[in-house]
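Asks: Below, each chain spelled out in residue letters.
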Amino acid sequence: MIMSSGIGQFTVVDQGTIAQNDIGSNFFLDFESLGKSKAERACELLGELNEDVQGHWIAEDIISVLNENPGFLAQFSTVIATDITRETAEKIAALCWLNGHSADTVADNNRPAGKKRTTFAWVKTVGLVGAVRIAVPEHTIVETHPENVADLRIDSPFPELAEFAKSFNFETEDGLEFGHIPYVAILLKYMEEWRNEHGGEIPSTYAAKNQLKANIRSGMRSPDDENFEEAIGSVLRSCQRTAVPNTIKELFNDPKCENLTAESGNFWILMRGVRNFVNDHSKSGGVLPLSGTIPDMKALTDSYVTLQSIYKAKAKRDVQEVSKIVESLLESLGLAAGSISLQEIESFCKYSAFLKVIRYRSLEEEYQQPKSKEIASWLSDPDSVFPHYVLLRASDSFYDDHGRYPGEGDNWEDDVDQLHANMTTLLQSWGIESDAVSKDLTYEICRYGNGSIHNTASFMGGVVSQEVIKLITHQYTPMDNTFIFDGVRSVSAVFAV
Amino acid sequence: MTDTQAITDNKRWAGVYKLLDRNSRIHPEFEPQEEIKEFIKSCKILVIGAGGLGCEILKNLALSGFCDIHVIDMDTIDVSNLNRQFLFRRADVGKPKAVTAAEFVNRRVQGVEVTPHYCKIQDKDEDFYSEFALIICGLDSIEARRWINATLVGMRDEDNPDSIKPLIDGGKPTGFPLCTIANTPRLPEHCIEWASVIEWSNRHGDRKMDTDDPKDIQWLYETALTRAEQYNIQGVTYSLTQGVVKNIIPAIAATNAIVAASCCNEALKIATTCAKNLNNYMMYSGNDSVYTYTFEHQRKDDCPVCSNSSTRLDFSGDKTLEDFMEYLKEKPDVQLKKPSFSLAGKPLYMQAPKPLEEAMRPNLSKTLNELFSSGSELTITDSTLPFSLQTIVTFV
Chain A
1 MIMSSGIGQF
11 TVVDQGTIAQ
21 NDIGSNFFLD
31 FESLGKSKAE
41 RACELLGELN
51 EDVQGHWIAE
61 DIISVLNENP
71 GFLAQFSTVI
81 ATDITRETAE
91 KIAALCWLNG
101 HSADTVADNN
111 RPAGKKRTTF
121 AWVKTVGLVG
131 AVRIAVPEHT
141 IVETHPENVA
151 DLRIDSPFPE
161 LAEFAKSFNF
171 ETEDGLEFGH
181 IPYVAILLKY
191 MEEWRNEHGG
201 EIPSTYAAKN
211 QLKANIRSGM
221 RSPDDENFEE
231 AIGSVLRSCQ
241 RTAVPNTIKE
251 LFNDPKCENL
261 TAESGNFWIL
271 MRGVRNFVND
281 HSKSGGVLPL
291 SGTIPDMKAL
301 TDSYVTLQSI
311 YKAKAKRDVQ
321 EVSKIVESLL
331 ESLGLAAGSI
341 SLQEIESFCK
351 YSAFLKVIRY
361 RSLEEEYQQP
371 KSKEIASWLS
381 DPDSVFPHYV
391 LLRASDSFYD
401 DHGRYPGEGD
411 NWEDDVDQLH
421 ANMTTLLQSW
431 GIESDAVSKD
441 LTYEICRYGN
451 GSIHNTASFM
461 GGVVSQEVIK
471 LITHQYTPMD
481 NTFIFDGVRS
491 VSAVFAV
Chain B
1 MTDTQAITDN
11 KRWAGVYKLL
21 DRNSRIHPEF
31 EPQEEIKEFI
41 KSCKILVIGA
51 GGLGCEILKN
61 LALSGFCDIH
71 VIDMDTIDVS
81 NLNRQFLFRR
91 ADVGKPKAVT
101 AAEFVNRRVQ
111 GVEVTPHYCK
121 IQDKDEDFYS
131 EFALIICGLD
141 SIEARRWINA
151 TLVGMRDEDN
161 PDSIKPLIDG
171 GKPTGFPLCT
181 IANTPRLPEH
191 CIEWASVIEW
201 SNRHGDRKMD
211 TDDPKDIQWL
221 YETALTRAEQ
231 YNIQGVTYSL
241 TQGVVKNIIP
251 AIAATNAIVA
261 ASCCNEALKI
271 ATTCAKNLNN
281 YMMYSGNDSV
291 YTYTFEHQRK
301 DDCPVCSNSS
311 TRLDFSGDKT
321 LEDFMEYLKE
331 KPDVQLKKPS
341 FSLAGKPLYM
351 QAPKPLEEAM
361 RPNLSKTLNE
371 LFSSGSELTI
381 TDSTLPFSLQ
391 TIVTFV
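Chains as they are written, first to last, in the numbering used here: chain A, 1 to 497; chain B, 1 to 396.
Simulated from the structure, these hints should not be mistaken for lab results. A hint or two may mislead.
[Stated by the list, open to error] Calculated pairs, BS3-like style, for lysine-lysine (alpha carbon to alpha carbon, straight line, at most 25 Å):
#1 B:K338 to A:K298
#2 B:K366 to B:K338
#3 B:K331 to B:K366
#4 B:K276 to A:K439
#5 B:K215 to A:K298
#6 A:K314 to B:K215
#7 B:K208 to A:K312
#8 B:K208 to A:K314
#9 B:K346 to B:K366
#10 A:K316 to B:K215
#11 A:K324 to B:K208
#12 A:K324 to A:K312
#13 B:K208 to A:K356
#14 A:K312 to B:K215
#15 B:K208 to A:K316
#16 A:K298 to B:K11
#17 A:K36 to A:K166
#18 A:K36 to B:K331
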């Protein structure tokens, strides 16, 4: 999947040679591959998928590679680890974490060489169960692709908008014209009337909002006036006062926004720029830059396009203001003028109500500072897939004790008690009753015997590719931080462990 | 190759065989038997569609140990398929998808025999479909998915369990195949996607489209409209253009993998009974974190496909047959394409043959009152349905 997503290069590290079960579970290894290096052959056959992607391979154990060259991972934007023990995962994750302390909004492939942050993704499958763990200190997203970025300012129209709304003739005899007055103009008219009668206040109670709806309804001439229905449908949303969302206020107060340095990522410089804009009431009225987006609505093409242009023009003015602030910030930080492009500023302003920062927990934190309270609550739901997380962790402990995974041998049922004991120890370390996970599930994990099922691998491969693409491109919101899939019930969930 | 290197199923399918050799306490009904392994190898399984989902499904089935796989697809390979449909290479452009996909899997996975059928699903009869133990659908055409569903439901014989054919249907709700956009546009949306995906970069190079800039939308709208006129497609509007371009989804390859893997996971469970089955619907969404939702779709008592009773519809007797026809095309649970109507064996309106259509066309502008009385049972046929729909129409 990753091969067709636009990546430039990949490297496969695997010291193994190809055995029959590898061919059985990996489509990119064929019959002629038996006995050859896994890394080399996978790289060769994957290369056929996309001629534009450059493949490399290293037929060595990752641990020996890292022992020889501890800086090896710094060249990669992402490390995806599969089929490794917990010990190896911890080592790789720690090295990636060190490379990860410079996150900004620039897509990773645009970063200069040697300044990469390395995202760590660990995938495992056991029979019909799979898990993905992602770790990177900080991930910022501007383009979260929210469903609706419309910000109509019905409660506080800017002058050009108020003027436009007044240009419609509500007394017209022409039914077509009346039926095509954009609902934004309808809302603005009735909202203004309301304010005139209520000392400048907008409706705040449920009853008041319903009254505003009734007022609008009374202006309808025919039940076919869809534009009035659209206006009524938007009353609740429009009566929410335009304000900076709490999630964004928190980001304004983040130390990274507070304490800019020449090393700050673009994301935080832009965040500070928007914060200064919001604080300058004369420019912003104390609210975020306008998104400039309007939803589709019943209207004549001309008036729709005019309305769109009015919002767009205001958004552009906001961007210009933010842009000036950003330029002066860059100057004060000793950074080159124009080093943050106008396009980046525009995008940041447009999505400013939806910006996101994810700070992952490291593997070390997961193991050393378990979130016992949350774990107890995840386990209290009888339909949860969280027991599989516990069993995979217990399987790692089993491996530490026995040098193999539960159920691998022919006497697989003999491992059930041992694995259950590992799990009980783990649960007790979190202060949780040992019967929180059914022994039948322990038995099921032993049944799988660490076997690889292609469908599970393909499913998990799809999930991890999708998440890695989101992390590399800074588009959409990736999961935080562990995804668990149970192929028996075909259910999954995400837990921030 | 020496004998010791010969491929053995025990080694190759070690992961799957553990499931089949070992009993389960969460699914105690399962009894491990050697016959089950033989069954996976010998049972016939049909894959409908050899596109993005179909390629993934074929690969997954072959690596699950299914050996007798059939694939049916009417399309040939287009250059724009190469990116996502990983069984096809540049040299395959122009060849039938089903044939090329089958050859690739047969070459790659030893002992698997994929049989291609380069034709429409409607070209095959019930005898063909009755040969399969299981059918997996990887199509994005809703019309074809409805057709196969109705065909399989129609084949069921309560006294013969073998006549019941499980259908696993995988689909993606949004996004159009690039090949459709490039070569065979049918819908206004196809023209808009063509303007935004293909023509935009041809004309504007690297400049990013601003979907909130009326100028950009206007350009897309005009470009899409010109294309729609070439193909005689109606319905490209400014607001539709806007709706389509704001909804472009990335990373289809990963979504295909996830949906196909879920389908094949269920196929393996159905064929082997090694674990319970999904009951009966799962969806995946990757926009915000990773989200899957599993639930049981209930059977509808008046489902036009699986209930035995006639469908009942309320409609105004003062409206015309043409109005009624438009209503049936838009009604979400019916969605007919080109319906024909008859009453007690006597045609009211027929889409084909042409002379008959012309002769009966005047009926379209008559009101239902003029054509029949309230409570009459109409027989409706349509290309999307392999059977006729009995519908009692009550005037309101």
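Asks: Next, verify each hint and record whether it holds.
Replies: Hints versus structure:
Annotation: proposed proximity of B:K338 to A:K298 is violated, straight-line Cα distance about 30 Å (limit 25 Å). About 18 Å separates the Cα atoms of B:K366 and B:K338, which keeps this hinted pair within 25 Å; it holds. The straight-line distance between the Cα atoms of B:K331 and B:K366 is roughly 21 Å, inside the 25 Å bound, and the hint therefore holds. Restraint check for B:K276 and A:K439: the C-alpha separation of about 18 Å stays at or below 25 Å, so the hint holds.
Distance hint between B:K215 and A:K298 is fulfilled; the C-alpha atoms sit about 19 Å from each other, no more than 25 Å. Pair hint A:K314 plus B:K215 holds up; C-alpha atoms about 16 Å apart against a cutoff of 25 Å. Distance hint between B:K208 and A:K312 is fulfilled; the C-alpha atoms sit about 16 Å from each other, no more than 25 Å. At most 25 Å may separate the alpha-carbon atoms for a hinted pair to count; B:K208 and A:K314 meet this at roughly 20 Å.
Taking the CA atoms of B:K346 and B:K366, the gap is about 16 Å. The hint holds against a cut of 25 Å. About 14 Å separates the Cα atoms of A:K316 and B:K215, which keeps this hinted pair within 25 Å; it holds. With a CA separation close to 23 Å, the supplied pair A:K324 and B:K208 stays within the 25 Å bound. At most 25 Å may separate the alpha-carbon atoms for a hinted pair to count; A:K324 and A:K312 meet this at roughly 19 Å.
With a CA separation close to 23 Å, the supplied pair B:K208 and A:K356 stays within the 25 Å bound. Between A:K312 and B:K215 the alpha-carbon distance is near 11 Å, which keeps this suggested pair within the 25 Å criterion. Taking the CA atoms of B:K208 and A:K316, the gap is about 16 Å. The hint holds against a cut of 25 Å. A distance of roughly 64 Å separates the Cα atoms of A:K298 and B:K11; the hinted pair therefore is violated under the 25 Å criterion.
Of the supplied pair hints, the one linking A:K36 and A:K166 is violated, its CA atoms being roughly 77 Å apart against a limit of 25 Å. The suggested pairing of A:K36 with B:K331 is violated, with an alpha-carbon distance near 58 Å, which exceeds 25 Å.
The earlier numbered hints that this structure contradicts are 1, 16, 17 and 18.
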